[in-house]
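Undergrad: Make the complex out of the two chains shown on their own, each in a separate frame, by following the hints.
Each chain is listed here by its residues.
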Amino acid sequence: MEILAELFNSLVAKIVAAIVAPILGAIIYIAFRRVYRAFRALHHAEAALKAVAREQQDGLWTEGPGFWLKQPTIRPANYGDLQGNSIPILMIGATKGGVGKTSLSGSLAAHFALQWTQRRQDPNADKPLRVLVIDQDFQGSFSTMTVHVDRRYEQPSKANRLVSGELDKGGAKREAEPISQGDMRHPLSIWTIPAYYDLAQAENRMLVEWLLPLSEHGLLLRLLRLLGIAVGTSPRSSKDLRYLLAEALLDPLVQANFDLVIIDAPPRLTPSHIQAMCASTHLLIPTILDGLAGDAVARYLDQVATHKLGIPGDAKRAICPYLRPIGVVCTLLPNDRTNLEGPVNVLGGRIAAAPLNPDIVPQDCFIRQRPPYRKHAGERIAYAAVSNDEDHRLLRDEVDKLGDWIAPRLGAVPRGWTRRETWPDEASD
Amino acid sequence: MKLGQTRQVIDAYADGLQAAQADKASLSLRTIAAFLGEFSDEQMSTLVRRGSKVGTNAAAQACAPENSVCLNAAAHVESLAKILASGGAKAERIKDVISLSTLLRVLNDSETLSAAVQRLRDAMKPEPIEQRINHFIRRLKEETGTGSFDNTFAELVASSLKREHVVAVAMSVYGGIKKSTSRKAALNYIRKPHDAYMSAKRGIDATGGRSAA
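So the protein sequences, as listed, match chains E and W. Read in order, the letters of the first sequence correspond to residues 1 to 429 in this note's numbering. Read in order, the letters of the second sequence correspond to residues 1 to 213 in this note's numbering.
Hints listed in this document are in silico derivations from the structure and should not be mistaken for laboratory results. Check before you lean on any hint, since a few could be wrong.
Unchecked claim - Computed footprint of chain E on chain W; a stretch qualifies when at least three of its residues, placed anywhere within it, have a C-beta under 8 Å from a C-beta of chain E:
1) 184–193
2) 197–207
What the hints assert, rightly or not - Under the rule of at most 30 Å between Cα atoms (straight-line distance), these lysine-lysine pairs were calculated in the DSS-like manner:
3) E:LYS96 x W:LYS201
4) W:LYS178 x E:LYS401
5) W:LYS201 x E:LYS50
6) E:LYS96 x W:LYS192
7) W:LYS141 x W:LYS125
8) W:LYS179 x W:LYS141
9) W:LYS2 x W:LYS53
10) W:LYS192 x W:LYS141
11) E:LYS96 x E:LYS401
12) W:LYS184 x W:LYS162
13) W:LYS184 x W:LYS2
14) E:LYS375 x E:LYS401
15) W:LYS95 x W:LYS53
16) W:LYS2 x W:LYS192
17) W:LYS201 x E:LYS316
These numbers were taken from a predicted model, which means no experiment stands behind them. Note that CB positions come from ideal geometry on N, CA and C, so glycine has one too.
Next up, chain W with everything else stripped away, as it sits in the complex (with noise of 0.2 Å):
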């Protein structure tokens, strides 16, 4: 799901936490939803794999105060991950929230909630447009054929690759397609080898090990 989903949630929750006169967690969450309102667009798996390689070691996590402002944040998450599953919200939406109570968790080394939430920033600006283009061709390459294609593809349409770059994935990952492709139709060609696959996938398991003579 897309970041400023995310935030609606949490400022929701900031809201009721603010009613309740818990100030110091509602000013946390508040924090953490203004960052993932600055990337609204933005999958958060893309949150969670680049806020990953910035996160501590081990070793720096054995040494985090206990009462890190970090934890202190994921605790707050994760209480409202808990609400979200009692009320039975979507597994997607309790999903993301649980992904970013765990990326905080190892962000603990940071003096302050604003040191960790300033790293995640300096981690989701833009890459280089050429490195994102391959990471993206890498990926959907290896990924083709797995459950995990989709994640892949539904980053890249969310992404904010223009026209010219998703022709350039799809000329790699499908093959040659004209420049002047629409991004609708290159995103259609990316997917062709890997639906190909599943449909044929299908269509074995539903036969295989049988002679159908």
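If we strip away everything but chain E, and leave its shape as in the complex, we get (with noise of 0.2 Å):
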């Protein structure tokens, strides 16, 4: 009986151990992960509280250097190899809004895609240049242009996906959609990323996870997810928030399949302007011709110092080393305004003041008031509309003037590329 009762003992005594131990373990194994992640919170709040904190100067409390230059930098594997054998990638960017950079995004993807060839596989076959087009304006006024009705508004835009960096390893190539809005000329070999409004959301989202990177991979998470349990956290990037577009675009198969890239950036330094600084190669800065934009783009030449050169006397805060404002084009030019060499000796004036100089484009072309860019607003590229009256020649002139400006800096020759002498064969004529 004795003997029984001992193990009964025992036997209890070790199925209480069994449940109870791994029990206790958990319980210890939280709470330390608890304190674990508690401490790193604090560390990450404090570091996110001085990425964004004052400097005391001459007695005042100013602004500091702001997050978008926060240390440590961690850019992409060979960033500086890669971007230097990069495709062109043609920055649209201003930080004034309403001066055109969406219109001439649209107008320079077709003057390239449309007026430029370059030979590829086929030595003897010229290939019209195939142009990728990120909208990264949450209101997505390129996307409504180019991409149809049914495949703009989807859940999350493709441009959302972008700036999360989930469109990496060639994903920006698979997802790009192949411009579809009727009446255009064609073929037309434009690809775009469409952008809606859930990208301005997907920008906080970004910001707040970069500037407190708690990873929500706990080993208890792992073993869940291994077991097939769903659990229902939100994934995180752990990457560094301002190269997440730089390694979508300079990813192999995103530079084998396009010719040119151009990013229509948004009027602010959001996430998705800043990953643009960091992933273009060059940077056109469009300029309605007043004072008040004169000035805004002696300010946004300044930011872009800033991001490219680093803070004075600290280089190595520089995050976009390898991006190079190449001109400034003065765009919304009313028709019937034909003197503008004060105006434009002025923004000179303005633009030598700022520590990048870029050259103001030569005056014819300069882009003006067309009445297509009205009359073609929202439903298609005005350039590459099936169109010919004299209002569309003088457009198109314009922008080819300004296409073959910009072509040579872009390094057309030595990539091979050539300017058509005449229009493309055209299926809808």
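TA: In structure tokens form, the structure reads like this:
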């Protein structure tokens, strides 16, 4: 009887131990993990606060360098080499809204797709340039102009996934939409990554996640996932937010399948804009020709310099050292305005005050308010519209001149690009 | 400042010297004041710039007699500058008086003060108009975005250049404007590239080195 009682006791003790020990272990693990995560959270919170901290200057608290220059800077592997050997990535950027960035992006994309060719695999055949346009404006104006309504509002938008770093490893190539709006010249070798309003939300999310990089990859969560038990936490990128677009566009699949990337950047220094700076090889700045816009160009150039060169005396903070501003182009000029020498000189005076001084493009390359822009707004790229009246010809003529000015700066000849002498054959004409 | 204003100061000092029976010094200063009166609308900077070109070289300075009339006159003008400084006069006025004394020292190889003043008078003769226009254009372009632009611009405003000449300067410095533009409007155009630079520079200096996100 005693032996039986002893056996029973030891069995109970073993069962209890077998149940209690893992529970205890899990409690201890969770407790330790909580404490560890609390310390990590504090550390990241301190780092985030430090990134946005103010500095004392002449007895006053003024804004510091800003979180976009936050250290450490974790660039993609071989970032310099990849950028140096990249296809041209042309950013159309300005921090002032309403200066015609989207129209210009569309016009230039259509110009390069229709007027330039390149010999690729087959050295005896000229193929049109393949242009990828990244729409980074959450209003999605470029997407509205070029993507059919059925494909435009998918959730999440492709720009959302791009800014979140989910279109790396060739994803940007696979997800790029061929433009599909009607009444445009055909074939048109332009693809786009459409944007919609969820891009704004994605940018905010990415910013918070980047400033507070708390991993959700706990051991327990990994185990539960391994066992196929769904866990409702959203994935977070552990990479440097600033280089997610660079990583996507410098991917070999994107580089091999496109000849030119044009980025329609948003008019604020949002995550998308900073990502565009870090991914692009060239920068073109559109501006209208008035005093306010001129000052805005000078300040934007100062911002570009701050991110390209680092803050004065601290070049290590540079985040986009390979970005090259190639020019400032005046847009939305009234058709009847002919004498521009004075205002252009004044704009030149403003640009001269900035730490980077790109050229103002020649006046015959300026973009005027041609009626087709308004006529085709939101429906198609005016440059590529099938209409061929005088207004369309004038519009194309000035965009062509601008494109011809830009092309050598993008390295057209060494890349084997050739300018067409006539318009390509058109099925729709 | 204009030469006419400096003339008034020197005349007043000459009156004082005369009252103190320092006739020789008073006479020297009256000669200088009379000369300044002839060009009362011109700027002191113009006189200094042109006068320096007719001044002697270093070798001549070394050979100059110790009792050179110009040196004596310069000493009187320097005394005036000290009096002005101790009396709390405007810095601009003191600076002009000191510039004048420096100029007189540069001319110390002249036999008489009248000869020195005559050399200055010759230097102040109006230049051929195209040369003056080109001179302004070159300086205004060079000095755009620098502190000396305002001096040159003030010189242009005070100059005897007529409307059409100022318009010619504006056409080159600013760009194409109507030939019928008024002198005042042309002057405004001339300032524009410089003001644009300064405005942009201030904006940049205010946020420079920061990421304005």
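Undergrad: For the pair supplied as a hint, E:LYS96 and E:LYS401, confirm whether the alpha-carbon distance does not exceed 30 Å.
TA: Satisfied, since the Cα-Cα distance of roughly 24 Å is no more than 30 Å.
Undergrad: Given the hinted pair W:LYS192 and W:LYS141, is their Cα-Cα distance within 30 Å?
TA: 12 Å, holds
Undergrad: Regarding the pair W:LYS184 and W:LYS162, is the alpha-carbon distance no greater than 30 Å?
TA: Holds, at roughly 11 Å.
Undergrad: Are W:LYS179 and W:LYS141 close enough, with their CA atoms no more than 30 Å apart?
TA: 20 Å, holds
Undergrad: Straight-line Cα separation of E:LYS375 and E:LYS401 no greater than 30 Å?
TA: Holds. E:LYS375 to E:LYS401 sits at ~22 Å (cutoff 30 Å).
Undergrad: Would the hint linking W:LYS184 and W:LYS2 be met if the CA-CA limit is 30 Å?
TA: Answer holds: W:LYS184 to W:LYS2 is near 20 Å, not above 30 Å.
Undergrad: With a cut-off of 30 Å on the C-alpha distance, tell me whether W:LYS2 and W:LYS53 pass.
TA: 20 Å, holds
Undergrad: Between W:LYS201 and E:LYS50, is the straight-line Cα distance small enough, at 30 Å or below?
TA: 28 Å, holds
Undergrad: Verify the proposed pairing of E:LYS96 with W:LYS201, using a straight-line Cα cut of 30 Å.
TA: OK: E:LYS96 and W:LYS201 at ~18 Å, within 30 Å.
Undergrad: Check whether the Cα positions of E:LYS96 and W:LYS192 lie no farther apart than 30 Å.
TA: Between E:LYS96 and W:LYS192 the Cα gap is close to 22 Å, so the pair holds against 30 Å.
Undergrad: Does the structure keep W:LYS141 and W:LYS125 at a Cα separation of 30 Å or less?
TA: Satisfied, since the Cα-Cα distance of roughly 24 Å is no more than 30 Å.
Undergrad: For the pair we were handed, W:LYS201 and E:LYS316, check the Cα-Cα distance against 30 Å.
TA: The hint holds at about 25 Å.
Going through the hint list in order, the structure satisfies each hint without exception.
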